[in-house]
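Protein chains: 2
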Amino acid sequence: MAKEKLVKAITSMEEDFAKWYTDVVIKAELIDYASVKGCMIIRPYGWAIWENIQRIMDGMFKETGHENVSMPMFIPESLLQKEKDHVEGFAPEVAWVTHGGAEKLEEKLCVRPTSETLFCDHYKNIIHSWRDLPKLYNQWCSVVRWEKTTRPFLRSREFHWQEGHTIHATAEEAQTETIRMLNVYAEFAEKYLAMPVIKGVKTEKERFAGAVDTYTIEAMMHDGKALQSGTSHFFGDGFAKAFGIQFTDKENKQATPFQTSWGVSTRLIGAIIMTHGDDNGLVLPPAIAPIQLVVIPIASHKEGVTEKATEVYERLKKVCRAKIDTTDNSPGWKFAEYEMKGVPLRLELGPRDIENNQCVLVRRDNGEKVVVSLDELETKVPEMLDAVRDGLFNKALANRTEKTYVATTMEEMIDIADNKPGFIKAMWCEDRACEEALKEKAGVSSRCMPFEQEQLTDKCICCGRPAKKMVYWGKAY
Amino acid sequence: MAKEKLVKAITSMEEDFAKWYTDVVIKAELIDYASVKGCMIIRPYGWAIWENIQRIMDGMFKETGHENVSMPMFIPESLLQKEKDHVEGFAPEVAWVTHGGAEKLEEKLCVRPTSETLFCDHYKNIIHSWRDLPKLYNQWCSVVRWEKTTRPFLRSREFHWQEGHTIHATAEEAQTETIRMLNVYAEFAEKYLAMPVIKGVKTEKERFAGAVDTYTIEAMMHDGKALQSGTSHFFGDGFAKAFGIQFTDKENKQATPFQTSWGVSTRLIGAIIMTHGDDNGLVLPPAIAPIQLVVIPIASHKEGVTEKATEVYERLKKVCRAKIDTTDNSPGWKFAEYEMKGVPLRLELGPRDIENNQCVLVRRDNGEKVVVSLDELETKVPEMLDAVRDGLFNKALANRTEKTYVATTMEEMIDIADNKPGFIKAMWCEDRACEEALKEKAGVSSRCMPFEQEQLTDKCICCGRPAKKMVYWGKAY
Numbered sequence: 316m317a318k319e320k321l322v323k324a325i326t327s328m329e330e331d332f333a334k335w336y337t338d339v340v341i342k343a344e345l346i347d348y349a350s351v352k353g354c355m356i357i358r359p360y361g362w363a364i365w366e367n368i369q370r371i372m373d374g375m376f377k378e379t380g381h382e383n384v385s386m387p388m389f390i391p392e393s394l395l396q397k398e399k400d401h402v403e404g405f406a407p408e409v410a411w412v413t414h415g416g417a418e419k420l421e422e423k424l425c426v427r428p429t430s431e432t433l434f435c436d437h438y439k440n441i442i443h444s445w446r447d448l449p450k451l452y453n454q455w456c457s458v459v460r461w462e463k464t465t466r467p468f469l470r471s472r473e474f475h476w477q478e479g480h481t482i483h484a485t486a487e488e489a490q491t492e493t494i495r496m497l498n499v500y501a502e503f504a505e506k507y508l509a510m511p512v513i514k515g516v517k518t519e520k521e522r523f524a525g526a527v528d529t530y531t532i533e534a535m536m537h538d539g540k541a542l543q544s545g546t547s548h549f550f551g552d553g554f555a556k557a558f559g560i561q562f563t564d565k566e567n568k569q570a571t572p573f574q575t576s577w578g579v580s581t582r583l584i585g586a587i588i589m590t591h592g593d594d595n596g597l598v599l600p601p602a603i604a605p606i607q608l609v610v611i612p613i614a615s616h617k618e619g620v621t622e623k624a625t626e627v628y629e630r631l632k633k634v635c636r637a638k639i640d641t642t643d644n645s646p647g648w649k650f651a652e653y654e655m656k657g658v659p660l661r662l663e664l665g666p667r668d669i670e671n672n673q674c675v676l677v678r679r680d681n682g683e684k685v686v687v688s689l690d691e692l693e694t695k696v697p698e699m700l701d702a703v704r705d706g707l708f709n710k711a712l713a714n715r716t717e718k719t720y721v722a723t724t725m726e727e728m729i730d731i732a733d734n735k736p737g738f739i740k741a742m743w744c745e746d747r748a749c750e751e752a753l754k755e756k757a758g759v760s761s762r763c764m765p766f767e768q769e770q771l772t773d774k775c776i777c778c779g780r781p782a783k784k785m786v787y788w789g790k791a792y
Numbered sequence: 316m317a318k319e320k321l322v323k324a325i326t327s328m329e330e331d332f333a334k335w336y337t338d339v340v341i342k343a344e345l346i347d348y349a350s351v352k353g354c355m356i357i358r359p360y361g362w363a364i365w366e367n368i369q370r371i372m373d374g375m376f377k378e379t380g381h382e383n384v385s386m387p388m389f390i391p392e393s394l395l396q397k398e399k400d401h402v403e404g405f406a407p408e409v410a411w412v413t414h415g416g417a418e419k420l421e422e423k424l425c426v427r428p429t430s431e432t433l434f435c436d437h438y439k440n441i442i443h444s445w446r447d448l449p450k451l452y453n454q455w456c457s458v459v460r461w462e463k464t465t466r467p468f469l470r471s472r473e474f475h476w477q478e479g480h481t482i483h484a485t486a487e488e489a490q491t492e493t494i495r496m497l498n499v500y501a502e503f504a505e506k507y508l509a510m511p512v513i514k515g516v517k518t519e520k521e522r523f524a525g526a527v528d529t530y531t532i533e534a535m536m537h538d539g540k541a542l543q544s545g546t547s548h549f550f551g552d553g554f555a556k557a558f559g560i561q562f563t564d565k566e567n568k569q570a571t572p573f574q575t576s577w578g579v580s581t582r583l584i585g586a587i588i589m590t591h592g593d594d595n596g597l598v599l600p601p602a603i604a605p606i607q608l609v610v611i612p613i614a615s616h617k618e619g620v621t622e623k624a625t626e627v628y629e630r631l632k633k634v635c636r637a638k639i640d641t642t643d644n645s646p647g648w649k650f651a652e653y654e655m656k657g658v659p660l661r662l663e664l665g666p667r668d669i670e671n672n673q674c675v676l677v678r679r680d681n682g683e684k685v686v687v688s689l690d691e692l693e694t695k696v697p698e699m700l701d702a703v704r705d706g707l708f709n710k711a712l713a714n715r716t717e718k719t720y721v722a723t724t725m726e727e728m729i730d731i732a733d734n735k736p737g738f739i740k741a742m743w744c745e746d747r748a749c750e751e752a753l754k755e756k757a758g759v760s761s762r763c764m765p766f767e768q769e770q771l772t773d774k775c776i777c778c779g780r781p782a783k784k785m786v787y788w789g790k791a792y
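Going down the list, the protein sequences come from chains H and U.
Take 316 as the starting number for the first sequence in the numbering used here and just add one per residue.
Take 316 as the starting number for the second sequence in the numbering used here and just add one per residue.
Bound conformation, chain H alone (with noise of 0.2 Å):
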């Protein structure tokens, strides 16, 4: 029937994960594909996820002290040269404009990959004196990569982020900025997202270009592989350096300030698709869920039973996202619909309920039903939609405490990483060559080394020589 045909029309994650991926953003009406090749249209209910995450987060930098901003798309060649590390990094990557109507440009503009530059250049006209820092900056726009091989939210041509950008007297308060953004970040993730995520400090060889050290939050996805989330750079004084921002300190000698950025962006759509959909389509934690609860009447041709139904809605209205399908759909069609949609309840609402003053609450994170009197409905609405975040990140944990392995040998990662997917944990001597061979022999890059340590063992997996860090290895978008 109508919902054997639209279950049956997604790809099971078992049989192609990447084709279950692809299949879940276009049957639940994320995205669209757009004409410029590796750009993307997020439709209605994608971008509501979207303004979803952009208004907790908001609220979260603005609490830490944040002001909004909004800076050019346009970087012009000669600004993104002047820190060495960073135009090596991103000028690859760059789409360049080159005309303005008819007449070519004097020099060419690249549009923004990342805004580093622009904020020096506007901190260098602002700041003067120690009365003027810190800056604590942030902007939501879209940025442009050219990248070559893309797939929606996880890597897009053009993408939605937000930049932070802050600057600060001293090395100290910078770092403390650094760590306490991507403090937010994980809370955020762990909090609204339902995924557990690791922190900890990207390798030299993975670190942002032009910083001084970049941290990370890790999450992994449903097939074992891992999905960077969020990052928190420090800069040291180094941008500062290029683009000559000096300011007067307290006791009026000429200083160089300290600075930070850090990013999200809508690639955590993607992250949040493959922690938590299954085969039925998306699962949405209930916090971005753009609509959290669905009431669906069932034999709504019997007298009542819409009246009834949207009385309810009325009241859920009130305590969470709702919304009821009157539509002439088959009731089987619509739980489908919905489960494709992710959203987190179902209420389910017949004749015989109506009776006994009751509904079915399904959740869509386990299937779990429930009956609940209709006089309870404004507590445990809520309970339950708690219960669906705990319920998706005590099974992301679960999936990740699973596929985390210790390897201690060489021939224990390069089996791990052939056949288990997952993170592997294992010591490493800091040396860049034993980072590169183990993505040579084993097809693993670092995602991070974690804030919490282990001493596996005192070995380098690599070279043998005293290890200096346990790192987490794995296969990662």
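In case anyone wonders, no lab produced these hints; they're calculated from the structure.
Fair warning: there could be bad hints in the mix.
No copy labels: a pair is met if it fits in one copy or bridges any two.
[Stated by the list, open to error] Below, in silico cross-link-like pairs of lysine-lysine (BS3-like), each with a Cα-Cα straight-line distance of 27 Å or less:
no., residue 1, residue 2
1, LYS334, LYS439
2, LYS735, LYS638
3, LYS399, LYS783
4, LYS718, LYS774
5, LYS352, LYS740
Keeping the supplied structure of chain H fixed, place chain U upon it in accordance with the hints.
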């Protein structure tokens, strides 16, 4: 002293209105100039105004059933060219991306100047049946038009806006939508920006490229010039035909849908500045002011003053967007600072006020001072904020009334246009040649044919043939 210094730091409106305007946008810290000519950095105080505009307006859009989406920022040249009038209107002023990284693109892409073509391309994919209609979409984004001469907020190469794009089964429904959104704009401008507007339809000459009809709200700035503040376009089925968008109607026949688009931009911030500002700086309507009330302790070195002021601030934070300034700057300096920033209400609290359980509230719009009992603050402050809004609206309306003239002959028209900046009402035969003659001889353009028509004479002011419409003429930003 400090206040004197700050006040004198901006040019007076009388002396040089254009210079006064740029002084205000800089001194009130709304913008900074960017390294790309014609682009701007919108600073936290300016961006907070735009965020308030977005929040209120987005609520109005959602109440009228609209959904937000996100289209790519790039349009392939071939897509831009699909609608003939549209491409003629926009191609001369777009920015072209020709290279991605080091490689030349096969087809050049323009940075969207507006997104009709992108929406049409998407609609073609997702619209099949009458069940898929209407789509009531909107997006908040920035667009690029490579203008020769630019001014902050009024005309810049990149600007922020919202663009609504809707598609309907019938022409009537699309026409209704066009007018409905014009009314939303007018309500927003008058209620929240305290800016009276004239609603009307544009002449053919002033129509949006590709539109059948363009409706507009026109506001008058303090200097008598007009500012087009929002437009709403009815496209008929022209775009749908050019893009081959069709749907199966209820009779199972193929039919062509009808479209609209409508937009307002950060120009509105320019409009606010030039409608309400004065020689002390910005004057903000309370609804969109980032700070609605600032608490300034007087003689704050005296015991208990800062404490009491903080207590008052904590109470007022719950009824409005309040701020307290406890820095060591003098009260005079602070008065000038928050006047420059256009904060609607100032609350002064000194030792004698505390003794008398009172404070002084000062209105930014007219300087009125009111002594208010501290017990009544929670009711008095919202009342006074409303009074500021009404005061601003009435002042702006009086300015418009005073500067609206009637011309019945070309001599009168030229005389008024030369000597009395403002709106000039005059009759017109609807011949484009007369419109062009008025531009050439009197330097005025048609602002709109207002919905509220008057029969001033029965002859066209230019050619003397029978008049068909009363038009508002004027000089415009």
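**Study point:** Index of numbered hints that the structure contradicts, given in increasing order
**Key:** Hints 2, 3, 5 contradicted; others consistent.
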